[in-house]
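Peer 1: The residues making up each chain are set out below.
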Amino acid sequence: MIYADNAATTRMSRTAMDAMLPCMREVWGNPSSLYGFGQKAAEALEEAREKIAACLGASTPKEIYFTSGGSEADNQAILSAAENGAKQGKKHIISTAFEHHAVLHTLKKLEQEGFEIELLDVHADGMISPDQVDRAIRDDTALVTTMYANNEIGSILPIAAIGAVCREHRVTFHTDAVQAAGHLPIDVQKENIDLLSLSGHKFHGPKGVGVLYVRKGVSLRNLIEGGAQERGKRAGTENVPAIVGMAAALSEACSRMAEDTNKVVAMRQRLMDGLAKIPHSILNGDPEKRLPGNVSFCFEGIEGESLLLLLDDRGICASSGSACTSGSLDPSHVLLSIGRPHEIAHGSLRLSLCADNTEEDVDKILQAVPEVVAYLRSISPLWMDKMSGKRPFILS
Amino acid sequence: MALYSEKVMDHFRHPRNVGSMEDADGIGEVGNAKCGDIMKIYLKIRDDRVEDVKFETFGCGSAIASSSMATEMIKGKPLNEVLELTNKAVTEALDGLPAHKLHCSVLAEQAIQAAVKDYYARTETALG
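Line order of the protein sequences matches chains A and B. Going by the working numbering, the first sequence opens with residue 1, and the numbers climb by one from there. Going by the working numbering, the second sequence opens with residue 1001, and the numbers climb by one from there.
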């Protein structure tokens, strides 16, 4: 099997598993218990907090809150900042049109509660400029929330510059860094980030665990009540093995980042160059300012789900933003946000690599994708109409 | 993938009657590019029977499988029977489709109806 869907989830690393096992075999006490056996688990938890704080450049481990994952972290960050703003009469929130649904759906909820949500247009190359944010900020802006890097098209936003704009206007800045953490260097202080979400399983850690970084001074609203865990901000006995595994995985990813990036970017480049040779196709996202492992293309005249099924038959795991894979009638909001027409967005393919992939994987993908695309086009009446001149081509 | 039955996957992987037809007596095309599925059915009619049928489909796995199954179900059949083919029958023959994919079988039914209608329209014109 060739696993090329690392933006969906990653294989847990040996390092993460090795760190987790002792938390199940030996250090399985409750970190809230007073006796020494429980306190051992509390120590493991605090060590994990320190490791993660170091990876993100937090000023103190106290700024790290453990959650059930990226979605919970996004929800808590946004709802907290909204509540903080509302207390000062600020009910305007700025975000972008291509956020993850954990952000967009939370904002939708706030809109129904009377907040004004402004979604910035995304440029054709998948970018948001600091200028756009600057122009959108008003006296009553409670929060700016933009993702660090896009999950579908891989574009990396100018987070430090957006953070600087927010700091200048004293507006709280949250970033959903689920796709970036462990893959891009992050420094919350240098980048003026107030709130940051990440998820353990996107960098070879376990699923069901994440982090919300909260700068000292930003107050949090509880989503889960019932205990004093996480300094009273997130009740529930901590998932110690998962937290420890996540911290080990993030530390490892950060220490290997430079060499992994070199390897992965080389493979990504070869994939991008190879797939670009398919006629009437287009790369989604910025060609350079993109996540190391992300390759996203649209192919005219075909539909993404059938492409994925045929790639699966050839042992290739990939992803698409077509309507049939999104579970709704519309194709991916991300592809629509960068101006792809519906017809083109239906024919999308996302491959996301990691350092476990090999050049041989790339060879096999470069063999399979053009063949499958050509086959699906050969049975597509839409493609036939384009070839015969009955309908115009949209992509060159 | 457990999303689809074995039957659906079989017809998706090995579609029957796929292709176009030069001298079709009736052609039906339904769906649109914006929604992500288009089905085109070509019929060859002799003595009010479907002598041959071909299809082309732009769409997801279940759209391709539905087209393939529907063409198998009408091949050799008299036109009055062909017009009675329902999306329900196509779905059942495929051992079911996920709820959000049922519209694929509806498209197959509609494409066949459109092709037969086109055949009747052409014959009427020919008869003057």
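These are computed hints drawn from the structure, not numbers from a lab. On a predicted model such as this, the values are computed, not experimentally measured, just so you know. We put the CB at the ideal spot given by N, CA and C, even for glycine. Hints may contain errors.
[Unchecked claim] Lysine-lysine pairs mimicking DSS-like chemistry, simulated, CA-CA at most 27 Å apart:
| hint | chain 1 | residue 1 | chain 2 | residue 2 |
| --- | --- | --- | --- | --- |
| 1 | A | Lys-277 | A | Lys-289 |
| 2 | A | Lys-277 | B | Lys-1034 |
| 3 | A | Lys-390 | B | Lys-1117 |
| 4 | A | Lys-386 | B | Lys-1007 |
[Said to hold, decoys possible] Residues of chain B placed beyond 12 Å of chain A at every Cβ, according to the derived structure:
| hint | residue |
| --- | --- |
| 5 | Glu-1051 |
| 6 | Lys-1088 |
| 7 | Asp-1118 |
Peer 1: Take the hints in turn and mark each one as holding or not.
Peer 2: How the hints compare with the structure:
Among the hinted pairs, Lys-277(A) with Lys-289(A) is consistent with the structure: their alpha-carbon atoms are about 21 Å apart, no more than 27 Å. With a C-alpha separation of about 25 Å, the suggested pairing of Lys-277(A) with Lys-1034(B) holds against the 27 Å cut-off. Taken as a hint, the Lys-390(A) and Lys-1117(B) pair is honoured in the structure, with Cα atoms around 22 Å apart against an allowance of 27 Å. Note on Lys-386(A) and Lys-1007(B): the hinted pairing is violated, with a Cα-Cα distance of about 31 Å set against a maximum of 27 Å.
Once the 12 Å rule is applied to beta carbons, Glu-1051(B) is consistent with being away from chain A; the minimum gap is 21 Å. The claim that Lys-1088(B) lies off the interface holds: its Cβ sits roughly 21 Å from the closest Cβ of chain A, which is beyond the 12 Å cut-off. The non-interface label for Asp-1118(B) is consistent with chain A: the shortest C-beta to C-beta separation is roughly 14 Å, beyond 12 Å.
The structure fails hint 4 only (numbered hints given earlier).
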